[in-house]
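Colleague: Sequence:
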Amino acid sequence: MERYLSAEAHNFITANTIDHARFRKAFQPAFSDRATKSHEPTIKKYIDLLIIRLNEAIAGQRTDNGTVDLVQWFNFTTFDIIGDLGWGSSFKCLQESSYHPWIKVVLHFKVVLIANSIKYYPLLEAFLMKITPASALKDLRQALETGHLRVQDRLHHDVDQPDIMSHVIDHNKSSTEIALSTGEIEINSMALIIAGSETLTTTLAAAIHFLLENPKCLETLETEIHTNFSTEEQITNESTSSLPYLMAVLNESLRMSPPLPDSLRREVPSGGATITGHFVSGGTTVSVTCWSLFHSSNNFASPDEFIPELWLANSGNRTSMNK
4 MERYLSAEAH NFITANTIDH ARFRKAFQPA FSDRATKSHE PTIKKYIDLL
54 IIRLNEAIAG QRTDNGTVDL VQWFNFTTFD IIGDLGWGSS FKCLQESSYH
104 PWIKVVLHFK VVLIANSIKY YPLLEAFLMK ITPASALKDL RQALETGHLR
154 VQDRLHHDVD QPDIMSHVID HNKSSTEIAL STGEIEINSM ALIIAGSETL
204 TTTLAAAIHF LLENPKCLET LETEIHTNFS TEEQITNEST SSLPYLMAVL
254 NESLRMSPPL PDSLRREVPS GGATITGHFV SGGTTVSVTC WSLFHSSNNF
304 ASPDEFIPEL WLANSGNRTS MNK
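In the numbering used here, the protein residues as written are 4 to 326.
No lab work stands behind these hints: they were computed from the structure.
Ideal Cβ placement from N, Cα and C applies to all residues, glycine included.
Hints should not be assumed to be uniformly reliable.
[To be verified] No farther apart than 25 Å at their CA atoms in a straight line, the calculated lysine-lysine pairs in the BS3-like style are these:
#1 Lys28 to Lys40
#2 Lys95 to Lys107
#3 Lys107 to Lys48
#4 Lys40 to Lys176
#5 Lys107 to Lys141
#6 Lys95 to Lys47
#7 Lys40 to Lys107
#8 Lys95 to Lys40
#9 Lys95 to Lys141
#10 Lys133 to Lys107
#11 Lys28 to Lys141
[Stated by the list, open to error] For each label pair, taking beta carbons as the anchor points, the in silico distance ranges come out as:
#12 His281 to Leu110: 31 to 39 Å
#13 Ser35 to Thr243: 14 to 22 Å
#14 Lys176 to Glu216: 48 to 56 Å
#15 Thr243 to Ser92: 35 to 43 Å
#16 Ile21 to Pro136: 25 to 33 Å
#17 Pro125 to Glu235: 31 to 39 Å
#18 Asp265 to Gln31: 17 to 25 Å
#19 Gln145 to Ser284: 37 to 45 Å
Modelling step: build the complete structure from the supplied sequences, incorporating the hints.
Modeller: Structure follows, in structure tokens:
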């Protein structure tokens, strides 16, 4: 089924099949096992700073029984990491304990989702564009300009540690016939910044929420971690990825609270297609949200319960999955 083609097919989500393949070829090497391992020192640097900032925040709240907003700190960390890996420099959120102006606009991503939906209603779209405050449009233009400047700066400067853009630059040099234009690099890199930050924050926040609501799950995870690690230095990407219960907790958190609020649309082929027993005419745009899939009793026996064991290969609970 063809990927849904919007009015401006510039990025991974809205690109047609041919352009999507071009984008994937350019960016995929940045996410290989070898590349991911090379990024670990950068990631660790920001995680270490997060721990320092959290300890400072906790110490500052002890006198008045205050609270610490973990979602905010997760956002600071993920945006700093993906900013460094994607554009060669962080947003300095952890350093300054505050959001970069560009991020403040990005966090209003729901506006983009609404704008995407109203494209199906041209008259409504024209009306909403007329009543949209000039300040909102100004913020959006400023965000796009900031992304443009950051990409331009990275394209014209080398970095000490290879980042995502390094692979794209190498791709353009070796594959000139399918090289990405500057505009395509800009829009896709901005999409990756969003995809690699806010979605991760949502997943981490969900995992902590569900673990605190399910003490037995938290205890099981703590036991697994303490059994496998005796020092901080032992905790790496490779060592943590081999912890089955930790991976199960993350997978179940993704199921319970999908970080992608929008659905990934597809266009029915010209000849039409039968979907769940219903014939759908060619050219129709179809989609289903992750939330609906993951919280359907057709797919899970207890769709609204947090059960990490669903994802353990040797667990009897797997019989409740994919009913």
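Colleague: For each hint, tell me whether it holds in the structure or not.
Modeller: Evaluated hints:
no.	hint	in the structure
1	Lys28 to Lys40	holds, 20 Å
2	Lys95 to Lys107	holds, 14 Å
3	Lys107 to Lys48	holds, 23 Å
4	Lys40 to Lys176	holds, 24 Å
5	Lys107 to Lys141	holds, 13 Å
6	Lys95 to Lys47	holds, 15 Å
7	Lys40 to Lys107	violated, 30 Å
8	Lys95 to Lys40	holds, 23 Å
9	Lys95 to Lys141	holds, 23 Å
10	Lys133 to Lys107	holds, 23 Å
11	Lys28 to Lys141	violated, 34 Å
12	His281 to Leu110: 31 to 39 Å	holds, 38 Å
13	Ser35 to Thr243: 14 to 22 Å	holds, 19 Å
14	Lys176 to Glu216: 48 to 56 Å	holds, 51 Å
15	Thr243 to Ser92: 35 to 43 Å	violated, 27 Å
16	Ile21 to Pro136: 25 to 33 Å	violated, 38 Å
17	Pro125 to Glu235: 31 to 39 Å	violated, 56 Å
18	Asp265 to Gln31: 17 to 25 Å	holds, 23 Å
19	Gln145 to Ser284: 37 to 45 Å	holds, 42 Å
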